[in-house]
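Protein chains in written order, with the numbering used here: chain A, 59 to 378; chain B, 11 to 284.
Hints are computed from structural coordinates only; laboratory data are not their basis.
Predicted model only: the values in this text are computed from it and were never measured.
It is possible that some hints are incorrect.
Said to hold, decoys possible - A partial selection of chain B residues facing chain A, derived with a Cβ cut-off under 7 Å:
{"hint": "1", "residue": "Gly97"}
{"hint": "2", "residue": "Arg117"}
{"hint": "3", "residue": "Met122"}
What the hints assert, rightly or not - Stretch by stretch, here's where chain B covers chain A in the computed footprint (C-beta under 8 Å, at least three residues):
{"hint": "4", "segment": "134 to 146"}
{"hint": "5", "segment": "285 to 297"}
Quick reminder that beta carbons are idealized off the backbone N, C-alpha and C, glycines included.
Each chain, letter by letter, is given below.
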Amino acid sequence: MRESIVSNLTVKHDNLSENFMNGLVRIFAVVPLIAIFLILWIIVKNGAGVVTGSFLLLAPTDGMTQGGIFPCIFGAIAKTVLMVVMALPLGVAAAIYLVEYAGDGIVFRLIRAAVNNLAGVPSIVFGLFGLGFFVLFVGRNLDQVLKTGLLFGQPCMLWAAATLAILVLPVIIVSTEEALISVPQSHRAASLALGATKWQTIWRVVIPQARGGILTGAILAVSRGAGETAPILFTGVAYFLPHLPVVNLFGFIPMVNPFDQFMDLSYHIYIMATQSVDAEKTLPIQYGTTLVLISLTFLLNLVAVLFRMYFRKKQGLVTI
Amino acid sequence: MMNVPVEEKIFHAQKAVPMDKHNSSISIKVKDLNVYYSSVHALKSVTLDIQKKAVTALIGPSGCGKSTFLRTLNRMNDTLPGARIEGSVIIDGVNIYGSEINVVALRRIVGMVFQKSNPFPKTIFDNVAYGPRLQGIKNKSMLEGIVEESLKKSAIWDEVKDRLEKPALELSGGQQQRICIARALAVNPEIVLMDEPASALDPISTAKIEELIHELKKNYTIVIVTHNMQQAARVSDFTGYFYLGLLVEHGETKKIFTTPDKKETEDYITGRFG
Ligand SMILES: Nc1ncnc2c1ncn2[C@@H]1O[C@H](COP(=O)(O)OP(=O)(O)OP(=O)(O)O)[C@@H](O)[C@H]1O
Ligand SMILES: [Mg+2]
Numbered sequence: 059m060r061e062s063i064v065s066n067l068t069v070k071h072d073n074l075s076e077n078f079m080n081g082l083v084r085i086f087a088v089v090p091l092i093a094i095f096l097i098l099w100i101i102v103k104n105g106a107g108v109v110t111g112s113f114l115l116l117a118p119t120d121g122m123t124q125g126g127i128f129p130c131i132f133g134a135i136a137k138t139v140l141m142v143v144m145a146l147p148l149g150v151a152a153a154i155y156l157v158e159y160a161g162d163g164i165v166f167r168l169i170r171a172a173v174n175n176l177a178g179v180p181s182i183v184f185g186l187f188g189l190g191f192f193v194l195f196v197g198r199n200l201d202q203v204l205k206t207g208l209l210f211g212q213p214c215m216l217w218a219a220a221t222l223a224i225l226v227l228p229v230i231i232v233s234t235e236e237a238l239i240s241v242p243q244s245h246r247a248a249s250l251a252l253g254a255t256k257w258q259t260i261w262r263v264v265i266p267q268a269r270g271g272i273l274t275g276a277i278l279a280v281s282r283g284a285g286e287t288a289p290i291l292f293t294g295v296a297y298f299l300p301h302l303p304v305v306n307l308f309g310f311i312p313m314v315n316p317f318d319q320f321m322d323l324s325y326h327i328y329i330m331a332t333q334s335v336d337a338e339k340t341l342p343i344q345y346g347t348t349l350v351l352i353s354l355t356f357l358l359n360l361v362a363v364l365f366r367m368y369f370r371k372k373q374g375l376v377t378i
Numbered sequence: 011m012m013n014v015p016v017e018e019k020i021f022h023a024q025k026a027v028p029m030d031k032h033n034s035s036i037s038i039k040v041k042d043l044n045v046y047y048s049s050v051h052a053l054k055s056v057t058l059d060i061q062k063k064a065v066t067a068l069i070g071p072s073g074c075g076k077s078t079f080l081r082t083l084n085r086m087n088d089t090l091p092g093a094r095i096e097g098s099v100i101i102d103g104v105n106i107y108g109s110e111i112n113v114v115a116l117r118r119i120v121g122m123v124f125q126k127s128n129p130f131p132k133t134i135f136d137n138v139a140y141g142p143r144l145q146g147i148k149n150k151s152m153l154e155g156i157v158e159e160s161l162k163k164s165a166i167w168d169e170v171k172d173r174l175e176k177p178a179l180e181l182s183g184g185q186q187q188r189i190c191i192a193r194a195l196a197v198n199p200e201i202v203l204m205d206e207p208a209s210a211l212d213p214i215s216t217a218k219i220e221e222l223i224h225e226l227k228k229n230y231t232i233v234i235v236t237h238n239m240q241q242a243a244r245v246s247d248f249t250g251y252f253y254l255g256l257l258v259e260h261g262e263t264k265k266i267f268t269t270p271d272k273k274e275t276e277d278y279i280t281g282r283f284g
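Produce the entire structure from the sequences given, and follow the hints as far as they go.
This is the structure:
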């Protein structure tokens with residue numbers, strides 16, 4: 059009797075399929091690791107030699123087969139900042155409405171469904187939407203009403219950024235919503251019981267605690283939006299631009315001109331690879347540009363992580 | 011700030027004529043109060059007078075409506091979906107369920123301390139200064155004065171005076187609860203509601219809170235919910251026994267704990283019940 063229990067306990071259940079499945083999921087689990095390693099390795103190996111000071115700081119020359127990519131870096135950053143400036147307030151406001159105000163009635167469900175569907179729309183559709191809505195409808199009508207000739211009614215950085223803003227809106231809404239929901243209900247109750255209004259509670263208690271999450275949303279949005287080519291294709295990006303999209307405000311304060319077209323990193327890679335007279339020859343530029351794009355995205359993610367750690371520490375929560 | 015009559019603080023429009031202005035021993039008059047949560051009838055025709063500058067303890071088995079009753083006194087039930095309230099709660103002559111009541115102003119007069127301590131993830135100073143800042147007080151030295159006074163009243167000043175700029179969440183549970191009490195006092199309420207304020211604390215912290223309650227009743231009307239009979243007997247002057255949404259019995263604590271009128275009360279207190 060006793061012997062049989064012991065032998066039952068010690069017998070190994072090493073049947074074949076168990077081991078096979080075990081091994082299979084292990085292999086599948088490392089696929090992403092291998093993929094990211096390969097991607098980074100190829101890009102760094104081929105791009106690192108190209109990325110020099112002059113590559114970063116000069117404009118393309120010789121039919122874009124020589125020189126640097128400064129206008130692309132400039133355009134990509136300006137476009138992205140403009141996109142975040144437009145998308146963040148809208149997305150955060152929508153999330154606040156969904157979490158703090160809307161019950162779970164019909165309006166809530168409609169907005170929810172819209173957000174979910176928006177996230178699933180292919181990016182080229184956003185490009186066409188941007189052209190049809192922002193450039194042709196909003197822009198042309200603005201020009202007509204304001205009698206500005208052809209200022210708003212043409213592709214430019216403003217409309218490209220607006221199109222991207224719509225594209226990344228779901229990302230911001232969803233992560234802000236999660237951040238707001240994770241704020242304990244007891245903190246809202248405490249605030250209200252101290253004589254705060256609902257908005258004071260949101261502004262002084264809920265949002266400060268959700269800052270980390272909102273910031274993460276913004277960064278995710280940047281990661282998502284900065285590399286997109288299709289949405290800006292018809293709405294503002296330029297194949298080549300001999301000048302930077304800069305205007306002098308009051309004649310002497312230089313600032314980004316949102317009504318100008320712009321060059322862009324991801325689009326630059328795309329045209330180098332597909333439209334170049336000699337795609338082989340521009341291969342190093344492609345790798346270099348990709349390395350710059352990836353580094354920028356990586357840097358932003360790093361900043362986001364640091365910010366989140368900082369906010370949590372300030373609140374006395376455990377780090378990460 | 012101290013001398014503004016309560017009814018003027020509650021009302022936006024100050025046209026109410028106080029009814030019981032001279033009946034000074036009663037702080038809160040509850041009349042025929044009913045609370046429903048969708049289909050649950052959580053409080054049934056509760057009528058009760060709560061004495062000024064005294065501690066009233068609410069006891070009763072879980073789910074009998076103690077917290078619900080407490081939340082009717084500062085209208086925190088308003089924030090719960092599906093809650094419906096009938097009847098009247100009169101604080102210093104003003105029905106707080108009247109149509110002109112400013113709920114925000116009411117909650118400044120009727121403060122609340124919750125069962126689970128819930129300091130904001132802010133510094134100790136910012137926690138206590140939260141209420142005053144809501145009221146627009148920005149002056150640094152004025153805020154410092156309020157914070158110090160509130161922390162002293164909450165018997166925690168000595169423990170935290172050197173680390174006011176540290177996160178409140180770094181304190182122990184008992185200290186956090188006293189910070190929450192200080193935060194409530196900083197708003198300068200007349201009435202303080204406490205929902206099982208010591209139930210999550212160790213015996214030493216509990217003793218400190220009880221001592222504190224004893225001290226606070228000199229200046230505040232206190233209503234406290236507790237599951238601990240000894241605690242009710244120790245800290246309160248009056249006790250109300252709730253059962254299934256009904257206020258079964260209410261009276262002086264001494265009487266309730268020695269010669270209650272109702273058999274149910276006696277059974278509950280002596281532990282022959284629940
Ligand atoms: N937000 C709510 N929604 C629906 N029903 C509720 C809600 N809060 C309380 N109730 C119900 O109302 C009744 C009274 O609840 P209440 O929380 O007031 O009891 P309690 O005496 O404080 O209990 P405990 O001692 O467990 O805290 C219970 O039946 C409870 O289920
Ligand atoms: Mg309760």
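**Report entry** Proposed interface contact between Met122 of chain B and chain A, which counts if any beta carbon pair is under 7 Å
**Finding:** holds, 4 Å
Query raised in the report: Are there three or more residues in the segment 134 to 146 of chain A whose C-beta lies within less than 8 Å of some C-beta in chain B?
Result: violated (count 0)
Query raised in the report: Does Arg117 of chain B meet its interface restraint, that is, does its C-beta lie within less than 7 Å of any C-beta in chain A?
Result: holds, 4 Å
Report task. Using 7 Å as the Cβ threshold, decide whether Gly97 of chain B counts as touching chain A. Result -> violated, 21 Å
Query raised in the report: Taking a Cβ-Cβ distance under 8 Å as contact, does the segment 285 to 297 of chain A have three or more residues in contact with chain B?
Result: violated (count 0)
Checked against the numbered hints above, the structure violates hints 1, 4, 5; every other hint is satisfied.
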